[in-house]
Structure formats: structure tokens, C-alpha cells
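Asks: The chain contents come next:
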Amino acid sequence: MNKYILLRHRDIPNLKDLQIYQENGGFAAFRKIVTGLTPDQVMQEVKASGLRGRGGAGFPTGVKWSFLPTNLWPHYVVANADESEPGTFKDREILEENPYQFLEGLAIASYAVQANTSYVYLRGEFDPLAAGLDRCIAAMEAAGLLGDNLFGTSYSLRLHTHLGAGAYVCGEETALLESLEGRRGLPRLRPPFPAVVGLYGKPTVINNVETLTNLPPILENGATWYRTIGTEKSPGPKVFCLSGRVKQPGNYEMPLGTTFRKLIYEYGGGILDDRPIKAIMPAGASSALIPATEAVLDTPMDYEAVAQVGSPLGSASVIILDDTVRMDWLANKTAHFFSHESCGKCTPCREGTYWMAHLTDRIAAGKAEAQDVELLHDVTSQIQGKCFCALGEFSIMAVRSGIELFRADFDARAKRVES
Amino acid sequence: MNQLATKYKDEISRIMAKYPPEYRRSAVMPLLYLAQREMGYLTDEAMQEIAEITEMGVTEVASIVGFYTLFHDQPGGKYRMQVCTDLPCALRGADRFLEELCQNLGIQPGETTPDGLLQIEEVKCLAACHRAPMYQVQSPEGLTFYEHQTVESALEVIAGLRASEQGKGGQA
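Line order of the protein sequences matches chains U and W. Residues in the first sequence are numbered consecutively from 185, following the working numbering. Residues in the second sequence are numbered consecutively from 40, following the working numbering.
Bound conformation, chain W alone:
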């Protein structure tokens, strides 16, 4: 029983319709995004199901997950705060921003807050160099950019995420 295929029947049909019928594997990345919405990362079962839908080997599917940075095969924070520290952002204080933010949260880049809410990641250029310091927040719902940030504004964003999770009655 392919749970992904059952749950997202219509959405998968819409994705498949974008590509020629004989090139089902073109849908692998859209399907990985779809599956990642469920848990925030990709389980072995999800990769197996996507392999069946796209008629690929499961190792090939896993190699796609491994290659692209926005796919995750391990659970992390519910929200991944991805701070750009590439050259243009670093010229406008991004390294110091990340360091001070991490000090405030008591975690290192790559780590997750003890409540599992937030993981801080250091990432490469996000195409917002003129509005640094900046970061994106990746969550099961999608991606949001936050620009012209300070440690104070970032902590407010985090407080907002925490409040909305508590509003949902979540564990965070």
C-alpha cells in the first residue's frame, strides 16, 4: 500500500502531468517535497514509495536526497532557520549576527533547541545579498525569507513561531 500515492492522488497526478509520460523520474524532486511536508524529513518508507511512483531504484532516490541541501533524511528542528553567511552577507555583518543569535539561543550552528522547535543552520547564498543579514525558515509548510534582520528581530520571529506552535497545541 503506497500511502503517499493514496493520500496525495490528485496532487501527484498534477505533478506527473507536467512531464512526458515516459519520463516519470522528472517528478522525483516534486514528490520528495510533497513527502517532506509530512514529517519535515524523508523517511525510508517515503523514499521507497517515491521510487515505486517514479519507477526508479530506491538508492537512486536516496542519492537525490543526499545531493540537494533542501532535502533531509534525518529529523531536525520543526523549523530550520537557515542563515546565509556567504561573502556578500558576511560583508554586512552576517557572521556576527549568526554568532550572537546562537549565543542567545545557547546552541551552535547545526544544533536544535531542546524543545525541538528550532534548528539553526549556516547556508550558502539565498539571493538576498542587498538585505543582509538574512535567513530563510524552512518548515513542513514551505519556505519564508526574513531580511534586514537583527538578533532582536530574529528572536521576535522565533518567539512568534513558538507562540503559533503553542496555539496549535503542539509539543513545542
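For reference, chain U alone in the conformation it holds in the complex:
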């Protein structure tokens, strides 16, 4: 009995071999839709499945596709393989071990919006993975799965990889497009959205690797089957990246709606040295901190329920913090990350992340005064709601929630000054 839908390579050895992928039903869905379904029928099936974007925003995939105007051509699909959120390492496993299911998903998305050229944008550090995908793409061309007049129809498709070169902000979809066009990765003003003015000024869909990997099973088995997995509003399987202070960190594929407790204590084997758990960051370094109460541990991990306990689910990069972790230290880590990765385009992010890094340095080093913790909190208020893109908005999450929920950690490091 095979249990994996996305990480199928864990059930089927050598699934990254094209012949083995095809022997296990690979490219049947792509062939079926190109020869038997209209693009609109594909879009309707994906809408009906309820699939939501796995890159972090959780936006319904089929709806995103439907925003492309049909009087502007060509259309492009760009796969976002820039996976750079601290705590996220799921796309890498898919690209390394199950690349054809991802590429078939990209081909399906391309057909659905009638794109004839699509790109995979990989973070520069995935150089070896890009070389692997290039070999897969060549094998697909040789097997007649890419190229002109596919399966005897008038549909043609070509796929290309493109490497970034080390910039977290390029995971933001408009910065990614800038980078693909040969510019610095600065986000674009929206609207217009990429669905209308995207790559080379043309209508463009940008989907995450894991999102695309969901498509072959959806088109093969149908939306009704897909909806038997996960929850009503968050259907389907999800790869949860578990890291931090747990015994068995790793990728765990589970239905959306599985509890934190099951992920951490059953799959992850519990906390290192069986220490008490202190907090959870469900969306990587962009998370707000969630104190790990019993109620939180029993919260189902879907887009709605996790947001209700204090942080978006994001890309489900679940970082576990135990009682050895000082939140002033943690805030210092995330502040430095965002300060390093800020593209510099907008002032609140460029200056604000610098200030947060500077202040958290002083606090963590025991050089700050109690009022500096207030100042740090004020700085987060000056960033919040004022940034050009989500990078800046998310940069304050751990710092601000750290101060608000774990104030004692900060105060313990700040010098008491008699007034």
C-alpha cells in the first residue's frame, strides 16, 4: 500500500528515472489532458480540488490561473524553486528525488494556461539540482513529452531552468520575475499583478514547486478524490518541514489539518533530551512565535486554524524551540537574516531591519538598557504595514511576538537603570 502522494520516491525506488516514473503512471495525466481535456476543463478540475498554493500564501491555484487574460499572449508559467525561507527544505527533496512529478505538474499548469514556454527559477545554491532537471528535461524531449505537436495535437511546450544567485527576496514572485529578466531582485509595485503583466510584460502564472507536484495526482484521480484528503478549506497533502530542537527533523508528508502534536511527538520523536517545548514557528523565520500550550499542540495544521493561534501556516516550515532557547537570541538571529536579505528598495525595511539587528545585538550581548527593548518594539511598529513587499512585513514577526510573549527573556539581558 503506497502512502505518499508527493514524496512518492519514498515508496518507489528510483522514481527519478523517467522509465520508472512512467511505469508507475507518470505522464498519464499530462497525456490525458492534452489529448482529451480543454484548458478550461483542467482549470475547473483544479479549482474544484481546492488546491491552495504551497509557497506560503495559500491562494487557490485554479483561481490564480483564471486571472490570466485570454486576449494577451504569450502566457508564461514560472515554477518558483527559490526555496530560501529558513526552515524550509521540502522543494529540494522533491526536485532531487521526484523531479518528474514536479515537471509533469509544470507541464499540466502550462497546458491549462496555454503557455508554450515555461521556466523553473531555482535558487543559485540549487546548481546541482538545476543540472539534474536539465537532464530530466532532455529525457522528456527525447521521449516526446516536450516539444512541438505533443501527442499529435497542436500543443507545444518547452521548459527551461534558470538559476538565481543568492537572494532570499527572489522568492517574492515579482522580484523573481525581475531576476529572471536579468535585473537585481527588487519587487515590483502591484497592481498590475503578474497574471496580467508578468514575465516580459506578459500574463504569467508563478507557482511553487510543491503546488505543481500536486497536479498530476489531482488530474489523474480527480478533484473529488483529492478532497478526501485534508480539511474542507485546506484540502490535500502537505510536506511539513520539521526542524529545530526535535529528535528527528525532516520532511513529513501528512494531510493538511494534522495536529502539531502528531508532527512533533509522533513523527519528530519529541523534543531533544525530552526537554519541555517552549514555542513553535510554523512558517520559518517569517513566523510569529506561538507559545506551545496544550491547546496549540492540538491545533490542526491548516491555513485557517494555525492563523487563529497566532501565525500564518506559510510554507509549513515548523521550527521547534525548547526551554533552552532565549527569545532575545532568536530575535537577533531572525533580525540579522532579514537585514542581510532586505533588497534595499524601501526605507522601512532597509533601515528597520538594520535597526532591529543593531538593537538585538546589544540586547543579546547584555549591553542594552530596559528602554531599548521598548525602542525595539517601537521600531517594529515603524516597519509594520509600511513595507513594499512581504519580506519587510514578515521581518518583524519573531521580534515583535518575542517581546510581547516572552518579555522576560529580553528584560533579563537588559541592564536595569535607576531613573
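Since the hints were made in silico from the structure, they are not lab data. Just so you know, nobody snuck in bad clues.
Here are the computed lysine-lysine pairs in the DSS-like style, where the Cα-Cα straight-line distance is at most 25 Å:
#: 1; chain 1: W; residue 1: LYS57; chain 2: U; residue 2: LYS200
#: 2; chain 1: U; residue 1: LYS529; chain 2: U; residue 2: LYS570
#: 3; chain 1: U; residue 1: LYS386; chain 2: W; residue 2: LYS57
#: 4; chain 1: U; residue 1: LYS231; chain 2: U; residue 2: LYS386
#: 5; chain 1: U; residue 1: LYS529; chain 2: U; residue 2: LYS386
Please arrange chain W on chain U, whose structure you already have, making use of the hints.
Replies: Relative to the frame of chain U, chain W by itself:
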């Protein structure tokens, strides 16, 4: 005479074919990687040649080099050992790993060993948080990940790099 265009004629044609003919600048990053293979960093001449191929200004090319961390405009160690010390790795001992490794090598993060072989750099998340401590080694040949590392295993990796350089008859 554009040396890059001459030496890598076929490879440059393959890169250019990925993008619409009117968007030559899309090739700037692949071409920078190509040029960086030569010396391990990007010379002014290389940037000038890439500007010509992509029909961009050379200042624009330099701004791309400055923006992205994997492009270098200064010579460094032949091998750049880039250790992730971001939050998830730090929760699993990455800061201590980097500190002890540097002590063993007698250099600070950012510095290069006296023989020019190895430069240690502290970098941001590399998408291997579950296998920390970890690092990647960037060299003219490309990138390699090393995971589940200890100071001992890292020193073995470095010894291996040094041995292979001596095998090549290099200066390192």
C-alpha cells in the same frame, strides 16, 4: 576581441536560446556563472564582455554582481566553504561548529587560509535545516553540499580538497 564569447561560443548560444531574442539581458546571470568558472571571481574584463553580449551597460552588470551573494568581484579562496548559521541550523549547533572549525584553521569567518585554498564564509539558510550543521563548498567547478557535519568531518573534507589540488599540481 570578446574572449568569453569566443571561448564559450556553443554554451553561450545554448544559454541565449532559452530566452526570447529581444530579451538578451535574461542571460546575464547564466553568463556571470560561466565567466566566474574561469577565475573564481568576476574581473572587470569579464563584466565588460558580458555587457557586450547582453547589450547592457557595464554598470548594470556590476550591479547584478553586487546584489547576488554567489557572485564575487574580488579574488578569494579557491574553495569557499559557506557555513549556514541561520536560526534552524543554529538550534542544532551551527554557531559552535563554525567557531571551532575556525579555531582549528586559525582564521576568522570571511578570511582565507594562507595557502589561498580555503575561505570560510558565514551564510544564510541553504535549505538543509534538518541536516545541520552543514555547509556548501563553492568552487569554480560548482557547488557541493555537505550535511550532518562535525569539525572532524569538515577537516577531512578540507584535507581532501588540499590533496586533490596537490594532485593537480596546483599551487595550493
